[in-house]
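Protein sequences, first through last, are from chains A and B.
Here my numbering is used: position 450 in the first sequence is 565, and no number is missing along the way.
Here my numbering is used: position 258 in the second sequence is 373, and no number is missing along the way.
Among the hints, erroneous ones may be present.
Stated by the list, open to error - Stretch-level coverage of chain B by chain A, calculated; a stretch enters the list once three of its residues show a Cβ under 8 Å from a Cβ in chain A:
1. 273-285
2. 300-308
3. 539-546
As the list claims (entries may be wrong) - From the structure, some residues in chain B lie toward chain A, with a derived Cβ separation under 7 Å:
4. Asp-363
5. Asn-366
6. Phe-387
7. Ala-388
8. Arg-390
9. Pro-411
It is worth saying that the hints were derived from the structure and are not from the lab.
No residue lacks a Cβ here, since even glycine has one placed at the ideal position from N, Cα and C.
What follows is each chain in one-letter form.
Protein chains: 2
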Amino acid sequence: MTTRNLALKNSYRDSVELMRLSQELEQMSGVQQATIIMGTDNNKAMLETAGLLTEDGKAAEANDLIIAVRLSPADDEAAIMNRVQESLDSSGRESEANASSNQPRTIDGALAAMPDSNLALISVPGQYAAYEATKALDRGLHVLVFSDNVSIEDEVELKNHALNQGLFMLGPDCGTAIINGVPLGFANAVPRGRVGIVAASGTGLQQVSCLLAAQGHGISQALGVGSRDLSDQVGGAMMLEGIRVLNDDLNTDVIVLISKPPGPMAQQQIAFALRVVSKPSVVCFLGMDVQAANIPNVYFEMTLHEAAKRVAGLLGDPTHATSPVLPSPEMTLLQEISDGLGRDQRYIRGLYSGGTLAYESMLFLRDLNFDISSNLDFPLVNSIDDDAERTHKLIDMGDDRFTQGVPHPMIDYRQRRERIFKEATNPEVGIILLDVMLGYGSHADPASELVPAINEARLLASGAGRQLAFIVVMCGTSDDPQNIQKQAAELTAAGAVVVPSNLQGVSIAAALSVGDLEMIRGWSQ
Amino acid sequence: MTTRNLALKNSYRDSVELMRLSQELEQMSGVQQATIIMGTDNNKAMLETAGLLTEDGKAAEANDLIIAVRLSPADDEAAIMNRVQESLDSSGRESEANASSNQPRTIDGALAAMPDSNLALISVPGQYAAYEATKALDRGLHVLVFSDNVSIEDEVELKNHALNQGLFMLGPDCGTAIINGVPLGFANAVPRGRVGIVAASGTGLQQVSCLLAAQGHGISQALGVGSRDLSDQVGGAMMLEGIRVLNDDLNTDVIVLISKPPGPMAQQQIAFALRVVSKPSVVCFLGMDVQAANIPNVYFEMTLHEAAKRVAGLLGDPTHATSPVLPSPEMTLLQEISDGLGRDQRYIRGLYSGGTLAYESMLFLRDLNFDISSNLDFPLVNSIDDDAERTHKLIDMGDDRFTQGVPHPMIDYRQRRERIFKEATNPEVGIILLDVMLGYGSHADPASELVPAINEARLLASGAGRQLAFIVVMCGTSDDPQNIQKQAAELTAAGAVVVPSNLQGVSIAAALSVGDLEMIRGWSQ
Numbered sequence: 116m117t118t119r120n121l122a123l124k125n126s127y128r129d130s131v132e133l134m135r136l137s138q139e140l141e142q143m144s145g146v147q148q149a150t151i152i153m154g155t156d157n158n159k160a161m162l163e164t165a166g167l168l169t170e171d172g173k174a175a176e177a178n179d180l181i182i183a184v185r186l187s188p189a190d191d192e193a194a195i196m197n198r199v200q201e202s203l204d205s206s207g208r209e210s211e212a213n214a215s216s217n218q219p220r221t222i223d224g225a226l227a228a229m230p231d232s233n234l235a236l237i238s239v240p241g242q243y244a245a246y247e248a249t250k251a252l253d254r255g256l257h258v259l260v261f262s263d264n265v266s267i268e269d270e271v272e273l274k275n276h277a278l279n280q281g282l283f284m285l286g287p288d289c290g291t292a293i294i295n296g297v298p299l300g301f302a303n304a305v306p307r308g309r310v311g312i313v314a315a316s317g318t319g320l321q322q323v324s325c326l327l328a329a330q331g332h333g334i335s336q337a338l339g340v341g342s343r344d345l346s347d348q349v350g351g352a353m354m355l356e357g358i359r360v361l362n363d364d365l366n367t368d369v370i371v372l373i374s375k376p377p378g379p380m381a382q383q384q385i386a387f388a389l390r391v392v393s394k395p396s397v398v399c400f401l402g403m404d405v406q407a408a409n410i411p412n413v414y415f416e417m418t419l420h421e422a423a424k425r426v427a428g429l430l431g432d433p434t435h436a437t438s439p440v441l442p443s444p445e446m447t448l449l450q451e452i453s454d455g456l457g458r459d460q461r462y463i464r465g466l467y468s469g470g471t472l473a474y475e476s477m478l479f480l481r482d483l484n485f486d487i488s489s490n491l492d493f494p495l496v497n498s499i500d501d502d503a504e505r506t507h508k509l510i511d512m513g514d515d516r517f518t519q520g521v522p523h524p525m526i527d528y529r530q531r532r533e534r535i536f537k538e539a540t541n542p543e544v545g546i547i548l549l550d551v552m553l554g555y556g557s558h559a560d561p562a563s564e565l566v567p568a569i570n571e572a573r574l575l576a577s578g579a580g581r582q583l584a585f586i587v588v589m590c591g592t593s594d595d596p597q598n599i600q601k602q603a604a605e606l607t608a609a610g611a612v613v614v615p616s617n618l619q620g621v622s623i624a625a626a627l628s629v630g631d632l633e634m635i636r637g638w639s640q
Numbered sequence: 116m117t118t119r120n121l122a123l124k125n126s127y128r129d130s131v132e133l134m135r136l137s138q139e140l141e142q143m144s145g146v147q148q149a150t151i152i153m154g155t156d157n158n159k160a161m162l163e164t165a166g167l168l169t170e171d172g173k174a175a176e177a178n179d180l181i182i183a184v185r186l187s188p189a190d191d192e193a194a195i196m197n198r199v200q201e202s203l204d205s206s207g208r209e210s211e212a213n214a215s216s217n218q219p220r221t222i223d224g225a226l227a228a229m230p231d232s233n234l235a236l237i238s239v240p241g242q243y244a245a246y247e248a249t250k251a252l253d254r255g256l257h258v259l260v261f262s263d264n265v266s267i268e269d270e271v272e273l274k275n276h277a278l279n280q281g282l283f284m285l286g287p288d289c290g291t292a293i294i295n296g297v298p299l300g301f302a303n304a305v306p307r308g309r310v311g312i313v314a315a316s317g318t319g320l321q322q323v324s325c326l327l328a329a330q331g332h333g334i335s336q337a338l339g340v341g342s343r344d345l346s347d348q349v350g351g352a353m354m355l356e357g358i359r360v361l362n363d364d365l366n367t368d369v370i371v372l373i374s375k376p377p378g379p380m381a382q383q384q385i386a387f388a389l390r391v392v393s394k395p396s397v398v399c400f401l402g403m404d405v406q407a408a409n410i411p412n413v414y415f416e417m418t419l420h421e422a423a424k425r426v427a428g429l430l431g432d433p434t435h436a437t438s439p440v441l442p443s444p445e446m447t448l449l450q451e452i453s454d455g456l457g458r459d460q461r462y463i464r465g466l467y468s469g470g471t472l473a474y475e476s477m478l479f480l481r482d483l484n485f486d487i488s489s490n491l492d493f494p495l496v497n498s499i500d501d502d503a504e505r506t507h508k509l510i511d512m513g514d515d516r517f518t519q520g521v522p523h524p525m526i527d528y529r530q531r532r533e534r535i536f537k538e539a540t541n542p543e544v545g546i547i548l549l550d551v552m553l554g555y556g557s558h559a560d561p562a563s564e565l566v567p568a569i570n571e572a573r574l575l576a577s578g579a580g581r582q583l584a585f586i587v588v589m590c591g592t593s594d595d596p597q598n599i600q601k602q603a604a605e606l607t608a609a610g611a612v613v614v615p616s617n618l619q620g621v622s623i624a625a626a627l628s629v630g631d632l633e634m635i636r637g638w639s640q
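Work out the full structure: start from the sequences and follow the hints.
So, in structure tokens, the structure goes:
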């Protein structure tokens with residue numbers, strides 16, 4: 116077994132393209148494993164840990180592309196590496212051809228091609244994002260920075276700069292927005308309507324907008340402001356701006372604010388701002404201390420599900436309520452699943468692509484005094500590095516440690532598939548809880564990844580005489596490109612319980628864990 | 116010389132009536148001095164200090180009225196006291212007759228007489244005000260509490276109660292408001308217009324609204340919120356509510372916020388609230404630390420005068436700008452006055468009825484490193500009790516220490532007259548600076564009080580070979596009941612310099628003090 120590295124100088128490609136390339140290389144005979152990543156110090160360290168770094172790779176710099184392949188023994192290494200090189204060359208030519216023919220390579224080029232543009236979506240590597248964002252703001256464009264790894268000092272400066280020019284600066288690390296009906300980043304196909312959302316959490320925004328869509332309520336504007344907007348350093352700069360604009364917006368009747376717990380100062384700032392807002396506001400700051408929050412016309416909700424319900428209550432019954440996108444799971448089915456679990460199989464494994472949903476589950480299970488390990492930053496919770504197998508686990512697989520050099524788990528199910536196989540061999544694990552984020556930008560067919568994984572995991576478990584419960588939180592709408600009904604049907608056919616809200620999902624997981632389905636009787640959308 | 120007290124059991128009268136009665140008694144032959152006050156412990160202590168308390172007065176309780184008179188020697192004491200008693204009895208009958216025929220004595224009575232009322236103005240003694248305000252709020256009425264001496268705990272509770280019912284709770288200690296064009300408390304006859312004001316300072320509100328009126332700009336709503344609303348305990352509760360309502364109000368284009376320095380937390384709260392307000396806001400928090408305040412569309416101004424100018428700038432030239440109500444003082448006149456002052460006459464005496472104006476002057480003179488004594492709570496300033504004659508003095512004569520048992524100096528000029536005489540004998544005092552607040556509720560003819568006092572003070576000074584400069588800040592409008600042109604003309608004829616803004620007044624005082632009129636050349640409205 117040989118490891119080889121190729122380094123291509125100054126050759127940036129985005130992570131989705133790199134995923135496609137890695138998969139292509141792994142199809143080649145003689146290639147056991149292939150990883151293609153940029154030659155940053157972090158990535159090189161990761162390759163080294165995995166035993167995939169050679170001297171060629173070590174010499175690579177941050178702007179170089181490293182192709183690390185592990186070859187099957189006894190093959191003709193030189194011939195294989197030639198084919199790898201050819202494959203990369205042709206893909207590079209293709210990508211360049213696409214770029215030069217269809218895509219401007221600079222903001223000014225884009226503006227020349229589309230002079231009426233008023234927003235720049237920036238998705239370059241973090242270290243270049245602030246520079247590009249400044250350029251865009253200086254040209255009078257609103258900016259959405261999808262990239263992460265932008266320093267918080269740059270974020271503060273960019274947001275001040277934007278405010279002084281009356282522009283929005285969404286992000287960095289803004290995964291989701293729906294502006295004037297146009298979805299940006301990861302977003303679902305929701306109807307237009309009377310609800311304005313400002314969110315420091317992309318998946319939180321997706322969850323609430325999908326739950327609202329299921330009740331026939333649409334979105335006027337949904338503004339992702341980036342995961343750090345509500346830190347005390349940034350002070351909610353863009354959430355405040357979003358509140359201001361939605362309060363003035365004639366098409367918005369209810370304002371919804373979503374975040375993981377804000378900094379204590381930022382939280383106060385938002386609360387005081389809401390004092391001068393006349394439209395009803397629904398606030399879901401997961402884990403926020405709400406004891407002091409008594410503001411007329413402001414509704415603090417502890418979960419995304421309850422936030423969506425509150426909004427629906429404030430808006431009244433929509434004229435054209437759609438029927439539920441996903442049917443509620445039947446209690447008889449859940450009882451059957453519960454009966455199938457062994458006595459010792461009490462542990463939950465939550466494998467999340469959405470950090471916010473993982474966080475919500477953490478709060479829920481902590482309130483039930485469940486013993487939890489997690490990679491989420493949360494007081495009194497074990498680290499997943501502690502090898503604490505005899506606890507429940509909630510893993511945010513969108514965390515940097517899992518996504519270095521590979522695409523986000525909303526696009527790339529490989530790491531979750533592997534984790535499912537691993538957990539299936541643990542005799543004390545009974546319940547596997549996953550989120551499936553549908554919508555633009557996400558994996559085109561998650562069921563095609565998960566159904567085989569579920570089947571294989573069941574095989575592994577049944578070999579040891581065990582069954583497994585799969586709970587899938589499917590966040591999407593009937594209009595999403597993945598066809599939610601088909602996705603749900605395929606997963607249901609594989610024996611998974613599919614629900615539209617994370618609160619439902621984690622409730623069912625908890626009920627199965629303690630073997631008491633009374634906990635969830637009466638659950639409905 | 117004999118001192119006599121009469122005590123009338125359970126006989127409350129308001130301070131303005133008591134002033135009228137005292138003045139009536141002092142007209143009677145044989146009466147040298149008369150003071151009529153409620154028999155509270157404070158008031159009794161004050162009478163004792165003045166040598167005006169006898170055993171009869173000592174026995175009086177808080178609800179009793181004490182009539183303290185000093186009689187000329189050798190008169191028929193019994194006969195005089197009989198006449199005093201008669202005078203009180205007849206005034207009491209008159210006041211009761213007025214009350215029973217015209218005025219309901221309870222909130223319910225008032226509501227029965229005027230069922231469409233939506234606001235209760237409460238001006239009972241402080242210890243009863245919270246109870247009456249609660250009653251009014253419970254009946255769905257907005258409340259303006261003119262009374263002071265309400266505990267801050269009661270204020271917090273009343274304001275929360277009001278917010279929960281969607282009502283305004285203006286005050287306690289709310290001296291001024293103009294609601295839907297109706298002046299309440301001390302307010303000027305200003306035109307209706309596009310400027311909405313929220314103020315924790317009644318005289319600040321009057322100053323700004325009059326300066327705006329002089330430039331042809333009117334008021335949509337002017338809400339006094341009480342002097343403590345921006346303390347950290349109350350947290351700007353009603354200023355925030357005022358901002359909310361004015362931001363929604365279709366008749367308001369610019370929002371003006373006025374206060375003495377708010378608590379540090381309240382200041383932050385207001386600043387954050389302004390982040391979500393789209394209308395331009397002008398903030399004059401006298402003495403506030405503005406270094407961190409960079410909010411788009413929010414203008415922080417350091418003086419009331421500059422705040423009014425900023426508002427006018429934001430509104431643009433009004434269609435029907437009126438000419439200045441008061442002409443600017445001529446430099447030749449000021450030079451003449453300056454030349455008349457002796458070398459040693461450098462000290463200023465600011466005798467203010469408006470605490471906010473006194474505070475503004477304090478800030479101005481402190482910036483010039485003037486050495487100041489004051490009864491205002493201000494860091495590094497001498498107390499006026501320290502007998503620090505060789506400093507400038509800024510005295511808020513509306514302070515409790517001056518108003519116990521007597522009317523406010525906006526109504527009653529006696530204490531200021533006496534102070535003018537006292538200062539006229541000080542060889543190092545050259546400049547006497549006064550505010551004259553016109554408008555509803557204020558003294559009907561301030562010139563009739565001040566012109567004789569100025570003349571007498573000049574006589575006293577000229578006996579010692581000195582002249583005196585009088586600077587009068589006259590806060591009013593052409594439509595005020597006092598006739599501002601007549602007031603200004605009479606004071607000008609007496610040699611006083613009359614200006615419409617306190618910033619102008621204190622600037623002139625400072626320039627005269629240092630003998631350098633270059634400081635104010637170019638001053639205009």
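Q) So which hints don't hold here, by number, going up? A) Violated hints: 2, 3, 5; rest satisfied.
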